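In order, the protein sequence lines correspond to chains A and B. Under this note's numbering, the first sequence is numbered contiguously, ending at residue 531. Under this note's numbering, the second sequence is numbered contiguously, ending at residue 11012.
For the record, the hints were derived by calculation from the structure and aren't laboratory data. Given the structure is predicted, the values throughout are model-derived calculations rather than measurements. You can trust all of the hints, since none of them are fake.
Subject to a maximum C-alpha distance of 27 angstroms in a straight line, what follows is the list of computed BS3-like cross-link-like pairs (lysine-lysine):
(1) A:Lys268 x A:Lys279
(2) A:Lys23 x B:Lys10559
(3) B:Lys10495 x A:Lys23
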Amino acid sequence: MRAFKIIIFLVFVGATISGCLKKLDLSPTNNLTPVQLYSTPAGYQQAMAKVYSAWALTGNQGGAGQADLPTQIIADEGNSDFYRDFWYLQCLTTDEAGWNYHSSTDPLLIHEMQWDANNEVVGGLYYRSFFQITLCNDFIKQSSDANLSSRGIGGASADTIRQYRAEARFIRAYQYWVLMDLYGNPPFVDENTVIGSTLPKQIKRADLFNYVTSELKAINSDLVPPKQNQYGRADQAAAWALLSRVYLNAQVYTGTPQYDSAVAYCNKVIGVGYTLHPKFSELMLADNNLNTDEFIFTIPYDGTHTQTYGGTTVLVNGPAGVPHTVSGGAQTGSWNCIRITQQFVGLFDTAHDSRGQFWTTGQTLDMTQLLDAPTDGFSSFKFRNVTRTGAEDPDTDPTTTFSSIDLPLFRLAETYLIYAESVLRGASTGSQTQALNYFNALRVRAYGDSSGVVSSITLQDILNERGRELMWEGFRRTDLVRFSQFTTSDYLWAWKGGVANGTAVSSNLNLFPIPAFDISANHNLIQNSGY
Amino acid sequence: MRKKRLLQRIIYFSIFLLFASLVTTAQNKIVTGKITDAKDGSPLQGVSVVPKGSTKGTTTGADGTYRISVGNNAAVLIFSSVGFLSQEVPITGDNLSLSLVASNSSLNEVVVIGYGTTRKKDLTGSISVISEKDFQKGVITTPDQMIAGKVAGVSVISNGGAPGAGSTIRIRGGSSLNASNDPLYVIDGVPLSGSSIAGAANPMSMINSDDIESFTVLKDASATAIYGSRASNGVIIITTKKGKSGGLRINFNTVNSLSTIAKKVSVLNGPQMRSVVNADGGAKKIALLGDANTDWQSQIFHPAFGTTNDISISGGIPHVPYRLSIGYQDQNGILKTDDLKKTSVSLALNPTFFDNHLKVDLNVKGSFENTRFANQGAIGAAIGFDPTQPVYSTRKSKRFGGYFEWVDTSGNLLSNIPYNPLGLLYENKNVSNPYRSIGNIQLDYNFPFFPELHVKVNAGYDISTGKGTTFIPDSAASNYNVATPAHGGSNNQYKSTTQNTVLEYYLNYVKDIKSIKSKIDAVIGYSYNNYLTTNYEYANYSATRFKINDGDSTAPFDKPENTIISFFGRAAYSYDDRFYLTGTIRDDGSSRFGPYGLGTTIGTINKGNKWGIFPSGAFKWKISQEQFLKGNNIISDLGLRVGYGITGQQDGIGDYAYLPSYALATSTAAYQFGNLFIQGYRPGGYDAGLTWEQTATANLGLDFGILNNRITGSIDLYDKKTSRLLESIPEPAGTNFSAFILSNVGNMENKGIEFNTNVQAVRSRDINWDFNFNIAYNKNNITNLTVIPDDPTYQGFPSGQITGTGAQGFAFLNAVGYSKNTFNLYQQIYDSKTGLPIEGLFNDVNRDGIINSSDAVKDKRADPNLFLGFSTNVSYKRWSAGFVLRASFNNYVYDQFLATDGSLSNIIGGSVISNVSTSYLTTKFQGNTTTQFLSNYFLQNASFLKMDNFNIGYDFGKVIKNIGSLRATFNIQNVFVITKYTGIDPEVSSGIDNNNYPRPRIFSLGLNLNLL
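So here's chain B without its partners, still in its complex pose (with noise of 0.2 angstroms):
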């Protein structure tokens, strides 16, 4: 139905926009002319050309020539296209032609900050922009995936391979220990939240990446205190497509792909079973053995196809640019079952009122998913599950789905034991239909009695609607209900929706003030930000609808909700376009904090904890307007950079952490007085001074260009450091009602530096060839925790739960002195003779006698501390080939599958047979051991190199008589990885390979389209 109404809606909206074209104005003059390349000579192709002070123009076609009917009162004509620079010239006469010089800098781009644009050479904090010819190409499911590699100091991790997998992404290493290390992203204006959606693999991939023209990653604090108190960890603001002036253009894109598996775990295969456990698995196991070959893992995987296809039509009808956009993706993930849809719809219009004294910027994205979730318990269960069983039962019965289990002689589930994969996966259907809408209208109204000022308004939402349902059926083994079977399974609901809006206002004030050589630009304003997330709860139910009594919500919804009112305003100054001053102050009050405050210090003022006052300031020095180096043939651009700003951090925490509150008990787990069951209150853990984590950061940087700006690029040096610190903690006993309670407790410095360059190595007619380089280090270092103030005798918090079997502790321990994340393990003995470690021998470090928690050792680290980032594209006449890769280094993987699943115990320790590492044939381990699974045998440096991306183009040029231009590329996506890590990949963010969903190896074929 919502389908059907829409597609309506877009045929009327065409229809519109057909009509409106037929209606023009009444044609005065024309002007016509052809543009040609200044270094060659040769046609350039779409080229707009406007009258200035109109929308409304056209592009030269593909011989370079344009015509073009103006007012009687026009006098210049703005000629522009990408990667050259813009030229106005007064129309002298029927005829204007011209040559365009190529820019080779960009400096003159307008870049989208914090409410508000400036120019590239205007910038005075660290600020990088990604734009659509350096996104990472291929098959994108998700946007965050763009920009992997690309820019210095960010790091961009895939969550793992399945369609539409979210990432996780750090700038400059995160600014947080357990608090959100997230950015904030901004998309045209609009703050998103960091909540999920019930059902949507993961938020961002309901943004189509077609759709999206420019990320800009706003790094340092000068530039990114504009945002207050969600700053702490970067912002990145993504800009959507636009139309543009002048006539219909119409491009379709569609990139079909084949996704496989990169590399499989290692385990025993059948023989390797069979001998292992008939050596040392006693009669029982032995009985249980099958004689089949089975490789699970092949079972559950299999080449998965993609395709995507996205068609958008933009233009200027008069006074209102559009684009239009249609996008629809099918991608199956290489786990069976597993299957993303998705359907988007984007507008964006931009229309301009009374003289273009308002302007209006509207903008509506929505998309539809239909996604199956694959079971992805299964790929543990194919890992572990024994080899030398068939996939299918031998038996008659279609109990199980016909699907090999464990069962006893007369044919009944054994408990307590591994299910098949297959039937985990198909005995499981996971559908969800989620649905999201972000749109926003944005006025600009510049009073025409006050041109300096600019009123503006922007009003936005983020909808969203997940719901979906889980389906298995009463024969499925790992729903099986032996007493009652027609009670077995699960069909089961689920659904939440999000409603957030935005609303702000501000003033913009711009004056260049020539006589001084001075120009001003002041921003003041107001943003009221509201999440609100309605869960709603659902009763469980067997796959017949037999309603599960196991304890059904008390409420029908909850409606978490926080909302953030902020106050902001920025100046900047620039004088003699060679000394850049700017200053931004944020006041943000959160519904997150309680009206007690913790103090007077910086950010909290007289409110409670309720407000916050971020600052910050920034200058620049454009060294190559100094008259010493004006005319440099070799120093093209110089720029230095310092800025110093003060950021907070609340995402991660509670919406109501600050409030003491009772929650009330489902029916199942009342308390009998008397013939009475009573559903109890119980009170929930609480920091009634819960504050905001605050970063204050000093960048200094250094901008410059070389050989009239063919080699561009930046130096960054930062120090971040972060004070009362968001850890979940033990609380003392006795003191709160849960055991740990988030709170603030120390303090984390973040200290790195960051270079990047763009070369334009060669530029000539046939050949061209850029890259791009960029290295980042960062070293975070925990400077105090004040869990307990000053105690030497303090140790630190543990994280990194690790349980398996045999297996109950901690991998890290975060300490004073020592960066978050360090692992703290046992260091492990060896045999001198073989090599190979003795299981359950360690260092006693205290010389003690025993080996205890004091016997770890804090060593190495999750969290490289070096990344590069190379990408480079080569063109020769139609043909192009480019590649991404991207190294870290430093970074070390706890394999857990090693520690909790490679001894002979994990194989016959359970009721049934269980598949391990093949580590096992080596090291034969034995699993009697409680302590092993924390040895440092199983840390491995995982610094890597990966090729991320490869890709050739060619282009085919005009087709469809001289109307459309094609272009076609070829894609190999996770190429290779270069590592020494032996698990299956060594890029796991949180440091514990835990064996997640892996990342597949895409290979793809686009077609791109472009009709004028």
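So that you can see chain A by itself, here it is in the shape it has in the complex (with noise of 0.2 angstroms):
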């Protein structure tokens, strides 16, 4: 009996325990295992949305909340979008804008060309290429014809998720591209890079370039014949017009120039049949995604689904002054953080051309402080968050803060001025009367008849014209490096190198640092000279 009793406890024990091991094994409740992902074609193509959706997004949910990117990269969400880190750097180091705040939340030391290591501007947008970089690696990795087939998929959904791939790989070189342009020798990560395990080796500058144009091309089979594909995704044209920017900026990136291919890159999207928009003021409106005569590729925005307070929200609600009127931005007014230096507006002919669109009203010319003085400066409105009709969104949220336009990554105006450029810099394949032609017709689009064409070009109005017609586009600060204009005496403007009148800068500007995060997480990592 006593032993009987001293049993049924242990038998009763013993099943508890071996009935509770399993809870060792827990997961999570919402989330899917890679495994359940990428099980279906549908969790292919909600991986894939999640690629592309890393450049118009700061999160997982919309407006702010569940970032991508820690708080100790970028504290505030907002500011880590890649489009708002890229005008960062891309613009706001340059003539075509000054920042008004410096509160935590605002981008510190941009304009004044005193960034280091430790800039939260410099580290969001390196953070935010990598993080879209690591999303497309995972994405190729999961998708290798070997993973499909062991999947079983096969057949049509098999084939759209090779275009996927092809796209994710388009999007991992366009990123490589923008680390090429800004940071020089990142680290180099590919599908092969196993998650959490290695320290990444450090990639030349020159041998990215091979690499990107190499993937560039490579893909040119799998990716969608142009105007083909779904509207926001990537085909064939996005791969040549990122093509043609990369090869004319050979120079620079390798120390060869390689113009030839610029314009061979060109003439492949031309041969497409894009046009020109006919009016200029509406490129950039809450339904651009019409305009597809121009726009080669895009990254959607829209006021309700696909919410930011990056691209192209900061530039309805960021120029200072202009009232919600004009911009269809918030109701509560413009944030007033952005105004333009005298020395770009100088380079419109304000009273013809119509693409300054600029914001006068209760702004000085002159950008006599730069901070804490939003009215110092004009600013624009190039960037409206109305339909062509003058409509507000329909899109837009019930604060009306969140823009649905559509920011083109790349539109027929570029490709006619690398085409353009690349021949006056001496390409082979192209022709001077075509350069002409191709310049003046972005002039007459621009001042809306013939009054502003001209019958020959230099080096320096090329890059006044893309000054002009590329404002806010994100190309500034690439071009200005590639003309030497960027850091040296050549070109000076309101508060460069922090100064009233603007100063020459250390030539080691061209480059960002890598981040300080990266430095000391990554040892084979040598820091670009001068910082």
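Put the complex together from the two separate chains, hints included.
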């Protein structure tokens, strides 16, 4: 009887223990494991949607919430957006814009060209680019032919996933172009990099150039032909357009010019049949997804479905002084952040050229004071969150804060200007006449008639024209670097180098530093000189 | 509804008790007598008188007499009383009077340790017990405050002045960098999870401090290792009050208090603001100036009333000692609209069955809170709001609740502006009704045929539901919707529940082998702990319940869960009451780690990282038992302890941080493919090799008692080495889905010495004076960071993020060779004539001509290295008085308010005028640099001496026809602070002063009525 009691007890104990041990293997309630997600074509589509949205959004919630980048990198999620940070480093560094505030949520010392390796914006773009590259790598690995067949995905579904895979490689090449252009020599990772294991090796800028161009060529056959893909997804023309841009800057990236290749890829893009959209003022509106005549590839934003405090939202609300009735932005009014230097305004024949779309009411031309002076300097309403009819964006949110303006990463006007510049810089394949024609085509649209047509052009004309045509579209720093005017005294603008009248700065500033966080985390990395 | 049911149950239960007490067994014989104090012959009241082998007894009355009926078989009576040595006396007749000798020694006290109890004199580890008489007194809204300053090496810092705000507790400095440094709490055998309860100020606040009998603080690894992977930061075992055998006792306790603000932040007043803006503000800002002189801090704070009332009944119906208590607390915060109401009920039953072979210990505690949380954003707003503006608007419109707000000429709200602090308070109603219940049943069965063996079962739960709503009217400025006013405001709900369960079996073998002077006490057992939380997700609504489309959660709820399964054992052996040896081992399995091992170092076996082994050993030599000290008149007790053990730490780690997983984006974070908006799945960062943080602790201790234990105390030396430190570190870019990942990165060491003494300085008939003094020194040092192994250029990783106007950076650098939270700031250069700091000018440490991060200097640290505690009690006849002092040295605080809100730019740089620290009047900082905030000018020595508590009591003695005794106390809490620190309170556990909720000064009057 005693032994029986003890046995009963021990059996009872043993049974509960063995039952409980299973509780050591727990998994999240709502999240999916990689095996679960990548088991269906729909799962691949949703994984791909995140790969794309990493450059339109800052997190998993829209607006702010569930941020992609941790607060140690960027304290304010709204500042961790790809285009916002790209714009800060490409436009705010130049004559195109100066920032009014200097609170913790603002891009500090960017316009003054006094950044260092701890600068939040410098880190923000870098980590945003790598975040998207890491997503691309994961998708490319998960969508290998071997994985597709082992998961029983074939036929049309597999074809679509292979297109996604090529698009992921395109996005990765784009982000490596960003890193090559701004940071020069980043670490290199691809789909063979195991998560959480290795210290990546640093890649030299010239080697990265070869990688980017070879990738963009290698994916050509897997990408959807021009104008054939769903809106929001990249096609062959997007890859060609990026190639032409990369080749235009080959001298900067590698020391060896490749203008012939730039012209060749311009010709491929132009050969698709894109045309300039008739009205310049309709380029950056809430319904500019209709501008498929000129736009090659865009980041689509949407006030309801794709909400971000970065992207075009900041270009609608940020310009100082522009009222809601003009910008279509937040009802509470402009954020009063962005103004333009007087030097940049001076590039425009403001009486006739329709492109500046400067907001002058209550603003002064000269940026006498940089900080805490929102009325010092003209601002712009180039980005308006209204439709072509002038109606409020139908997709905006109740506070009318979020923009539905899509951001063209590539549009025909840039291709024309790449063609013209490559020819002027000595490409053997293009024609001078064609270069002038493309150049003038932009001016005819800008002036509304032929009054702006010129009979000859210089390289400086092209730089100025790029400034006018592509203002605030993320080109200015790259252009000034290519023309050796970014750091030198050849061209000065208000508060360049932190001085009211502008001053030359050290040439090492042509590249941004690799963020201090990554230098500390990866001892393979050698910091760019001067930092 | 719930309260009503509860009330019914209480009534039923009371009837049951009444009934049960009537059904007494047939009496056999009566014994009477009188118990006196051996010292002076005075009658002793409340002495427990119980026949041996029974739980049914009685207690002596006020005149020291008792009367008890005992069974014919009863041979021995046991007389016991707190503070006196127990006596067992054979029943030789019907009168039994005797005198009890005061027990100057507490060495025979039973101490609750992990999975068992032991006598204090048998302890081999470093353990401190704080019982009721030592608790901090006054208004206690969260029990952890009761031990502040009472234990050497235990720092308790309240997290602010809000009612029920929790505390930051550090035992021996904390063993972790970035994972949790909180100790494990075990309440009556139920280990609590560290997770918070929605709508509760802090989870501990839901335990009624009046129900607590004692805290046992396990400090060194030989004491804590039985708790294995959760023990690195020490263990605090809370034991609640139980019923005692004897007659019915009723205790009523009431404390009524008034809380006042101790110190306000020094900011510009109206005239100062007008003078600054008129001089330097420019025309636009001058036009904004108002005529008022508003002290916004005086507007938002008020003296706050609080009342705490507890009633308990306890006693022992035959074989069933019981205690039932009901508490009610209503505590207003000094911040207007802050209010905590708490009702708690606690029941303890300790019946025995089968001739005492089965002991049952049943505890059920429940509490309900009804809380309104003030919007604490109003504190910062009040400090920064323009003092020249009035509280209420002069406009006729009722918009914005009638409060003054920054509007344009047509009455529309400006953008990017601060809001009226009072509006933030009164136009925001966050109310919650959390509920928590902790309960368990412990069975202790002793086989009649095998008396050395006890089988113990402990089954318990800890459940809570926290839910509440936040309502902000649509007219509130903070949530005003300019486009569509009806869509403004907020009307949101939140809810979460926790369901934690514990199930433990263990066998306890106790054998006293007198022939070889040996005692053996061994435990072997199994423990299952499951922690399940359910977080409900709700959409956001405007005040008028218009649904706001801002990305509804993709799932209605989330259920994070973790499990710990453990096998443990302890063997204690003692020889001749001179030598004691204890060994423990615990094998813990945790669901938080993956099946992928890092290696075969101690703590992991070939089951990947899920399992870890945590051993310990300790030895004690009771020197005072040796012949050469026996009978010594001076040294009454002397023991030497040596212990070593390995413990783990796994709190502060996500439940699934080792697993790759993909989270669905909300509908507002979709991406356009053609005409469809696709919600993507995002992979989260993870560390597949994540494993326990592990601490190896060596401890050397000496316990002493002098002059018949009038002076007792202990000295402990320890060395804690933590390896595989968990820290959130930057991942090499491109190698993970998150740029920062919690990983095991390095080693850290805490070395220290603690001294603690209790002195009964005066013992006489009328005057008694006791004091306790403790001092602890702790040195923390990071010894290795394996982020990049052996890289001499590796600077360490930053922490302590600071954001504010013109500021984004980190105050600390965690680097090898320095203590954690070492400040890393620029060295300010001062004007040699005025002695004032020169803005933006710093020491160019490396002389390279530029000031950048390589010029920051690692110096000073946030954590103190020396703590002192002193508490004393004096009683003279019926009067008593006492106080608690606490001091902390070499802790530095970075005053972020001065750093980021002390410049002209802060005043006039925004779209409206804002207030700043009065330091501006001296420094005249312009605020145009972006490095000034990282100046060591803002770092101040925050060493302090605080009087936590001062109390006076008066004992009225017998009342109500001698059946009751009444005692009154008057308390002041947070009496004074002596410090050089210029902010409002030097006690900032994070080292970065953000002007949290100021800790109030509390005056309280308490009455305690005991009915026997």
